[in-house]
Every structure is written in C-alpha cells, then in structure tokens.
Amino acid sequence: MSSLPRFEQLALKHLEAAYNLAFWLVRSRPDAEDVVQDAYLRALRAFQNFHGDDMRPWLLAIVRHTAYRWLNNRRRAGNVISIEEAYQAPATRDPAEPADHAPNAEARLIGAVEQDYVVRALAELPPAFREVVVLREIEGLSYRDIAKVTGAPIGTVMSRLARGRRDLRQALIQLLAEDEPNAL
Amino acid sequence: MHCERVRELLSPYLDEALPAQDRSVLAAHLESCPGCARFAADLRRLARTLSAVGRQGTPPSLQVRLRRTLAGAQPPPSRRSARPPPWPRPRAAGWVARRAAPIMAACALTAVATWWLLSLAEPEARLQHDVLAAHMRALLQESPTQVASADTHWIKPWFSGRVDFSPSVTDLSAEGFLLLGARLDYVGDRRVGVLVYRRRQHSIDVFVWPNPGGNHRAARVVVRKGYTLVTWTRQGLTYWAISDLDPGELNTLQRLL
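In order, the protein sequences belong to chains A and B. Position 92 of the first sequence, counted from 1, bears residue number 82 in my numbering, the numbering being contiguous throughout. Add 419 to the 1-based position in the second sequence for my numbering, that's all there is to it.
No wet-lab data here; the hints were simulated from the structure. There could be a bad hint or two in this list.
[What the hints assert, rightly or not] Think about it this way: if two alpha-carbon atoms lie no more than 20 Å apart in a straight line, the pair counts; the simulated SDA-like pairs of lysine to any residue are:
no.: 1; chain 1: A; residue 1: 3; chain 2: B; residue 2: 461
no.: 2; chain 1: A; residue 1: 138; chain 2: A; residue 2: 20
no.: 3; chain 1: A; residue 1: 3; chain 2: B; residue 2: 482
no.: 4; chain 1: A; residue 1: 3; chain 2: B; residue 2: 459
[As the list claims (entries may be wrong)] If the Cβ cut is set under 7 Å, some of the chain B residues that face chain A in the computed set are:
no.: 5; residue: 451
no.: 6; residue: 466
no.: 7; residue: 468
no.: 8; residue: 474
no.: 9; residue: 483
no.: 10; residue: 485
no.: 11; residue: 489
no.: 12; residue: 492
no.: 13; residue: 565
[Claimed, not checked] Sample of chain B residues lacking proximity to chain A, with all beta carbon distances greater than 10 Å (derived):
no.: 14; residue: 442
no.: 15; residue: 458
no.: 16; residue: 471
no.: 17; residue: 477
no.: 18; residue: 484
no.: 19; residue: 545
no.: 20; residue: 562
no.: 21; residue: 642
Just so it is clear, CB atoms sit at the ideal spot from N, CA and C, and this is done for glycine as well.
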C-alpha cells in the first residue's frame, strides 16, 4: 500500500486552496494550519475511498468538515476570537499585480482600501454564505463543485451565493458610509 | 420581471449559469432599469475585488510540516495498525539535541500551569471525576437502577428514608426522555440520589444532592472523555447530568427537569 507518494502528489497541489478555505472558515492563521494538517491526515486515511479524477472538491469537503468540527470545539471551549484579532495582517500582496492597464498610484491605493473593506465584510458574513462566496469568487469553483464541497444541492448553493453577494454588497455600503468622513 | 426577482437571478446571471431565456429577459430588464443595472455593476466590481484579494498566503512552513506529518502517519500496515501520532517524529539524534531545551522548558511550564489550574479547580474537577466514574461503573453493571420504574410516584417515595432530601422526579417521556428508575451512589464524599433516564440508546444519569448554602447557578457544560456533563443548582439542590448524548440534547433535559 504505497499510496502516500500518490496522495502527496495529488493532494499537495491543492494546499493553497485548502489553507485558504480553512482560513476563511476559522478566521485564524494558526488554527487554519492545524485544520489543514488534521484534514490532510483524514484525507490520507480515507484516500482509498477517493475515486475520480478531480481531487479538489473531495479534499475541500474534508477541509470544510474539519474546520467546522474545529469551530464547534472552539465554541464549546469558549475561546471565541475576534475578527480583528484574526485578521490583523492583511495578506501580503504584490503591489504590482498584473493589471490590464497600469493603474496610477492613487487608483492603486483606492483599490487596496476597497480590498480591505471587502475582506472585513466577508469575514463577518455568516459561515454558510461566507464559504460559498470564497469557493466561487476566490477559488473559482463551479456550482457543481461547490455543491460537492458543501454537501448542499445546487439550488441551495445558487441561492446562498446570491444572498451572500447581496449581503456583502450591503455590508460594504455600510462600511463605506461609516468611514465617509475619512474617505479619500 | 420584478426587480426583487431580477436581483435574485443576477448572481447566477453573472456566473453564466442561467438558461438562455432567463438571460435575455434579465438583459432586457437591465437595459431599462438603472437601479438593477447599478446592482449588477456593484456585484461585478465585488467579484473583481475579491479575485484581486486572492487566496490567503499559505505559510511556507506548512508544506514541510505536512510532508513530515503524512510520512509519520503511514506506517507499513503489517507492522502497526494502531492510529499513528499526528505529529512528526524526530528522525535523527541531532533533532532531539536541538529541540530538547525548548521542549523541556515547555514541559516545565505546562507542569506549573497544570498544577496551578488543578489547585484552582480542584473541588470542581474532583466532582467531575466522581460523577464520570459513577456513571461508568453504572454502565458496567447489569442494571443502572436499584429501583426500576417509570412511575414518578413510585420513585419519589423510594428516596425517602434513603437520602435526607427529596428530589423532584419528572416524567419526561413525552419529550423523549424515558425514566428508567433510580439508584443511590456516592459522589463528592456523600450519598447522592441518581435518576436514570434513557434517550434512544443513550443512558443518562442525573445526580442530585442538597446544597443548602448554594445559590441558584445556571447550567454549565463540560465534556470529559467524550461524555457530556451538565451541572446546575436550583432550589438548594445541585444537579449533575451525564451522558454520551451531545451537549444540545443534554441541555434540553436540563431545561425540562
């Protein structure tokens, strides 16, 4: 049973997607690392049950399940961490992201501010909506694959996504209005 | 089409997941309705911003840690079948030498912290231990009850003369908690009453004893060794309920009692 090399070859390709989903569910970097580690161990043990050619939805479903277990335990233990704390360091982004037209400095700044708002608003969405938005908008998964990851019917995925996007827009409008005095 | 409905469909519309006929109806609506057009533009911008935010950067150490963990987790099946430890095992003596000092420091710190916690929580921890042990012993016996009856008017008088208080015994069969009976047990250096309920296949013990000075205390939940314990104090009686039910269901029982 030398499935480990094959498992590693297939599963490590999706490490970034796994970590990203785990982070957005548990909203803490150290916890996301532990969730990914736990999830990969579970995936390895269940590897013989994986048949198919696309491992990503299967693996992400395990990551998601592990993250929710983690959240449950954390809630039971009463350590609820604040979003502020979880999101102290914004992801290091290359300021020279490829863009179709070279943005001037001001536009780039506005872009960064907007991203910051979106991240904050996304972090506060309820998990059922947050996860579909992350899987669709950041991971670019199809509705079918999101359904596989979340175990929800496609219709539910569709309506959660619609609701998630609508609420995100609403939250952004609110955040922007609150910060109006300091707006650029 | 109504604006409300349009806004619901905009999300799949932008993902190109809408059937052709809905698509054209929606496109026509967007031409003529500035409000919905604005909404659509906002959603597009949101999608652009989110994809610009991108994934959270994976810590470079994670891949190394994972490889090590996975390698440690896959022993040859012939030699060991037990579940392997989830943490990487050291490969060379040098590893031990390099890591020994911080590990020993961590151990010392843990020991001190444990001692400190234990000294704080000792009476409570001892009760938890007693309750858990009594419940386990009861599960090992052929019957968890000394008197078996679902009749509350049979159980309640049974306690009189055996303990120096009279616990309230409630029939909760309508709520899915079947009264099996009662027994006496010994917890926290005293004789206590135990009501035994069953929910589906799960056995539940409710330990009761008087707590004369005890103020009303709201329910608290602890999980130990996979068992859920709920404790509360009401009307001078302290209760400990224990079961392998999940905390939600045990809390239901607590509210009903």
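Outcome of the hint check:
no. : hint           : in the structure
1   : A/3 <-> B/461  : violated, 33 Å
2   : A/138 <-> A/20 : violated, 26 Å
3   : A/3 <-> B/482  : holds, 10 Å
4   : A/3 <-> B/459  : violated, 34 Å
5   : 451            : violated, 21 Å
6   : 466            : holds, 6 Å
7   : 468            : holds, 5 Å
8   : 474            : holds, 4 Å
9   : 483            : violated, 11 Å
10  : 485            : holds, 6 Å
11  : 489            : holds, 6 Å
12  : 492            : holds, 6 Å
13  : 565            : violated, 33 Å
14  : 442            : holds, 15 Å
15  : 458            : violated, 8 Å
16  : 471            : violated, 6 Å
17  : 477            : violated, 4 Å
18  : 484            : violated, 7 Å
19  : 545            : holds, 21 Å
20  : 562            : holds, 32 Å
21  : 642            : violated, 6 Å
The structure fails to meet hints 1, 2, 4, 5, 9, 13, 15, 16, 17, 18, 21 from the earlier list, while all remaining hints are met.
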